[in-house]
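Mind docking chain B on chain A? Use the hints.
Number of protein chains: 2
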Amino acid sequence: MANDEVILLDFWASMFGMRLRIALAEKEIKYEYKEEEGLITNKSSLLLEMNPIHKKVPVLIHNGKPICESIIGVEYIEEVWKDKAPLLPSDPYERAQARFWADYIDKKLYVSSRKIWGTKGEEQEAGKKDFIEVLKVLEGELGEKPYFGGDNFGFVDIALIGFYSWFYAYETYGNFSTEAECPKFVAWAKRCMQRDSVAKSLPDQHKVFEFIQMLRQKFGIE
Amino acid sequence: MANDEVILLDFWASMFGMRLRIALAEKEIKYEYKEEEGLITNKSSLLLEMNPIHKKVPVLIHNGKPICESIIGVEYIEEVWKDKAPLLPSDPYERAQARFWADYIDKKLYVSSRKIWGTKGEEQEAGKKDFIEVLKVLEGELGEKPYFGGDNFGFVDIALIGFYSWFYAYETYGNFSTEAECPKFVAWAKRCMQRDSVAKSLPDQHKVFEFIQMLRQKFGIE
Chain A
1 MANDEVILLD FWASMFGMRL RIALAEKEIK YEYKEEEGLI TNKSSLLLEM NPIHKKVPVL
61 IHNGKPICES IIGVEYIEEV WKDKAPLLPS DPYERAQARF WADYIDKKLY VSSRKIWGTK
121 GEEQEAGKKD FIEVLKVLEG ELGEKPYFGG DNFGFVDIAL IGFYSWFYAY ETYGNFSTEA
181 ECPKFVAWAK RCMQRDSVAK SLPDQHKVFE FIQMLRQKFG IE
Chain B
1 MANDEVILLD FWASMFGMRL RIALAEKEIK YEYKEEEGLI TNKSSLLLEM NPIHKKVPVL
61 IHNGKPICES IIGVEYIEEV WKDKAPLLPS DPYERAQARF WADYIDKKLY VSSRKIWGTK
121 GEEQEAGKKD FIEVLKVLEG ELGEKPYFGG DNFGFVDIAL IGFYSWFYAY ETYGNFSTEA
181 ECPKFVAWAK RCMQRDSVAK SLPDQHKVFE FIQMLRQKFG IE
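One line per chain: the protein sequences are A and B, in this order. Under the UniProt record's numbering, think of the first position of the first sequence as 1, with each following residue one higher. Under the UniProt record's numbering, think of the first position of the second sequence as 1, with each following residue one higher.
So that you can see chain A by itself, here it is in the shape it has in the complex (with noise of 0.2 Å):
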């Protein structure tokens, strides 16, 4: 596959467009980044001609034939170039597992997260509990293993660790630790920052802050 030609249409901040830069980089397939500019604002024509049911980042953009959902796309990933770094078990219930705890994430993590720097009030104090709730049955999932998949960095490191570079943000505007809250998720997360695959992946936590403020503030929120 030295000819594929494989683009990533993304914006920075993106947890989501994270995973497929972590899934890239694991599987080290060259690719063009290419930089939702105007997510917020006006969305590109690439993105609609791309993605026209969701309009969202990120989408995988293989020989011209464009993947969405984000999740879809790691596996995708996983499927085609399968002879190197597997992401997933070979087992079908450890698969069934794995996928399990991505789609959990997706369900209940990014909406209580949402409402941390995106509510005020009753609202956000709501949020926050779920979202420390959520983080607590991972966390118990995770148990004593370095990696939710056992030994190994896998499918649900990928689908949660881009979260990781919003939570100085959660933090600051939800006022908690997370560190006192859930010791061996930052441990966890720590551990996955170690692998230059997600290093290179996640933006700086004080630059997603600096973008939820601009968010706050367009959507008079402060």
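Hints in this document: simulated from the structure, not taken from any laboratory. All clues given are correct.
For chains that are exact copies, the list does not tell them apart, and a pair is met inside one copy or across any two.
Only pairs whose alpha carbons sit at most 20 Å apart, straight line, appear in this in silico EDC-like list of lysine to aspartate or glutamate: (1) Lys27 x Asp196; (2) Lys200 x Glu32; (3) Lys56 x Asp103; (4) Lys108 x Glu181; (5) Lys65 x Glu94; (6) Lys82 x Glu94; (7) Lys56 x Asp106; (8) Lys136 x Glu49; (9) Lys55 x Asp130; (10) Lys55 x Glu133; (11) Lys200 x Glu28; (12) Lys65 x Asp91; (13) Lys55 x Glu141; (14) Lys56 x Glu141; (15) Lys108 x Glu125; (16) Lys65 x Glu141.
Okay, now just chain B, sitting in the frame of chain A:
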């Protein structure tokens, strides 16, 4: 896998449970069907033990191990019993497309359908409008093909057809005709209903309607 123990913990009216019933029937897998009688009022200890995170049916239990979330269960069935009746295509891009549309159904169809029978007034009208729009998008994706994947019944058909058993209720409470709005969708649904695996997995539309009448009374919507 002659000695496999397969149990489906389900509720008769669940369109998500129907997915697993159909996939198991397509693969000709013998299983024990366990009705979660008290789903609405009093969840069983087996359900709480097998799905402690979401506490929802369906749960597929294979040799004592639970697989939760219906689409993940269908993929599991496909991977374990891979030699018979393939449900997903073999090409990674086509697999990603099938997963995209199953995910679209999960994200968009249930939420809007729920509003048609579970709300009143403006919220109900908005739900109905969204629901018909989602159906039209799905109809567009189907195009002139007999099934979503092409000539063969498969993953997206399995993800979607269970909803059809609720259509008499949607049409009655929403006061619309699917046949008039989306004739190709109805032709596709009738085509699916001709399959044994589907016909024996879906309840009668009038029985579902009576169940929803009961729910509406219980929730004080009538």
